[in-house]
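Asks: Put chain Z on the given structure of chain H with help from the hints.
So the sequence lines, in the order shown, correspond to chains H and Z. Numbering-wise (our numbering), the first sequence opens with residue 83 and increments by one. Numbering-wise (our numbering), the second sequence opens with residue 650 and increments by one.
Heads up, some of the hints might be wrong.
Reference listing, derived: stretches of chain Z covered by chain H, where coverage requires no fewer than 3 residues with Cβ under 8 angstroms from a Cβ of chain H [unchecked claim]: (1) 690-702; (2) 736-750; (3) 782-796.
What follows is a set of in silico ranges between Cβ atoms, one per label pair, in the way DEER data are often shown [to be verified]: (4) Pro796/Z with Phe112/H: 32 to 38 angstroms; (5) Glu125/H with Glu854/Z: 44 to 50 angstroms; (6) Leu88/H with Trp657/Z: 45 to 51 angstroms; (7) Phe112/H with Tyr664/Z: 47 to 53 angstroms; (8) Ile95/H with Gln758/Z: 22 to 28 angstroms; (9) Phe112/H with Glu719/Z: 52 to 58 angstroms; (10) Ala134/H with Glu768/Z: 48 to 54 angstroms; (11) Glu839/Z with Arg137/H: 34 to 40 angstroms.
Think of the hints as simulated: they come from the structure by calculation, not from any bench. Since this is a predicted model, take the numbers as computed values, not measurements. Built from N, CA and C at the ideal position, the CB exists for glycine as well.
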Amino acid sequence: MKVRVLVRLKPGILDVQGAAVKRALAGLGFDEVTDLRVGKVIEVELPTGSLAEARQRVGEMCRQLLANPILEDYTLEMADDLAPREAVR
Amino acid sequence: MVVFPGTWSDCDFHYVISEVLHQPVKYVWHRDRDLQDLDCVVLPGGFSYGDYLRAGAVAGRSPVVGALREFVAQGGSVLGSCNGFQILCEAGFLPGALTRNECLQYRCQSTHLVVDNTETPFTRGLRPGQVLTMPISHGEGKYYAEPETLRELKARNQIVFRYATADGRVTKAANPNGSLENIAGIVNPEGNVLGLMPHPERAAESAIGGTDGLLLFQSLLGSLVEDGSFLKR
Chain H
83 MKVRVLVRLK PGILDVQGAA VKRALAGLGF DEVTDLRVGK VIEVELPTGS
133 LAEARQRVGE MCRQLLANPI LEDYTLEMAD DLAPREAVR
Chain Z
650 MVVFPGTWSD CDFHYVISEV LHQPVKYVWH RDRDLQDLDC VVLPGGFSYG
700 DYLRAGAVAG RSPVVGALRE FVAQGGSVLG SCNGFQILCE AGFLPGALTR
750 NECLQYRCQS THLVVDNTET PFTRGLRPGQ VLTMPISHGE GKYYAEPETL
800 RELKARNQIV FRYATADGRV TKAANPNGSL ENIAGIVNPE GNVLGLMPHP
850 ERAAESAIGG TDGLLLFQSL LGSLVEDGSF LKR
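Next comes chain H alone, as it looks inside the complex (with noise of 0.2 angstroms):
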């Protein structure tokens, strides 16, 4: 089973990663864009088990140590919603 976590920083945390993008996004021409924030995936890979299990361990690690609670949200995408996406090339 897999886990998506994404991990973004809390709205109200300035993103100086987003700002830089944003910059170069409008130097390419693409200046509609109003805001843009960068944040992370991580996909954890468990044992097939239940729904509610995956969650709760995914939770806790996010909680220990993927995210830091000071700076950063998370959200967690389970298994039943995470139909391969299809890859732009």
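Replies: Frame of chain H, contents of chain Z only:
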């Protein structure tokens, strides 16, 4: 002197303690848990574990940092500089977090620090309001804490150093990384764990960068001698 894979200031600290202060010092590997015969543990700067995930995140959960909890509870002194400060915040020894510099640049420069708290073992030889000159060298040194945490830091006099002008004024222009209220270094409520972004070990000899950093080592040495723990060795 704790060494993680990716630590880079360990030899500088070791040199200052052994060759400038003429005191015994040893390296402790990140997998070690034995801190028995030590007076002070230093977490030096660098990029522990490549700063993967977040600066100091993986090191903050390493065996040696786990052993540090008992060491600190027993009153042992801990000094974390640069990456060491990041590790102390990540491990929960100090409140708040260090994040990317607001200027987006890695900053390697000399800074002036005004001393706010002289009641720690590391700053007892200093005067309140004294200005020290020490270098910084980091990309993620912007101190951040939630408003409630900041109130507690102030109420407990935990802010030790703030970035300032040469004459000790705390101004926005003197803030090299966008740190909240120019915070450069803080202590835990008990005063035995100090974290700071500047590098005292790079300002410990007049031939290279001045001697203001040495004052921290000398203060600590004075504290250890005074409470007798150092003389037992």
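Asks: All hints are to be evaluated individually against the structure, with a verdict given for each.
Replies: Going through the hints against the structure:
Only residues whose beta carbon comes within less than 8 angstroms of a beta carbon in chain H count, and the stretch 690-702 of chain Z has 1; fewer than three means the coverage is violated. Check result for the stretch 736-750 of chain Z against chain H: holds, 6 residues qualifying (beta carbon to beta carbon below 8 angstroms, three or more required). Counting residues of the stretch 782-796 of chain Z whose C-beta sits closer than 8 angstroms to any C-beta of chain H gives 3, which meets the bar of three, so the coverage hint holds. For the pair Pro796/Z and Phe112/H, the supplied restraint of 32 to 38 angstroms holds, since their beta-carbon distance comes to about 35 angstroms.
For the pair Glu125/H and Glu854/Z, the supplied restraint of 44 to 50 angstroms holds, since their beta-carbon distance comes to about 49 angstroms. At roughly 32 angstroms, the beta-carbon separation of Leu88/H and Trp657/Z lies outside the given 45 to 51 angstroms, and the hint is violated. Between Phe112/H and Tyr664/Z the beta carbon distance is about 50 angstroms. The supplied range of 47 to 53 angstroms therefore holds. As the Cβ distance of Ile95/H to Gln758/Z is approximately 25 angstroms, the hint placing it in 22 to 28 angstroms holds.
Take Phe112/H and Glu719/Z: their Cβ atoms lie about 54 angstroms apart, and the range 52 to 58 angstroms holds. Range check, Ala134/H to Glu768/Z: Cβ separation about 50 angstroms, and the 48 to 54 angstroms hint holds. For the pair Glu839/Z and Arg137/H, the supplied restraint of 34 to 40 angstroms holds, since their beta-carbon distance comes to about 37 angstroms.
When held up to the earlier numbered hints, the structure conflicts with 1, 6 and fits the remainder.
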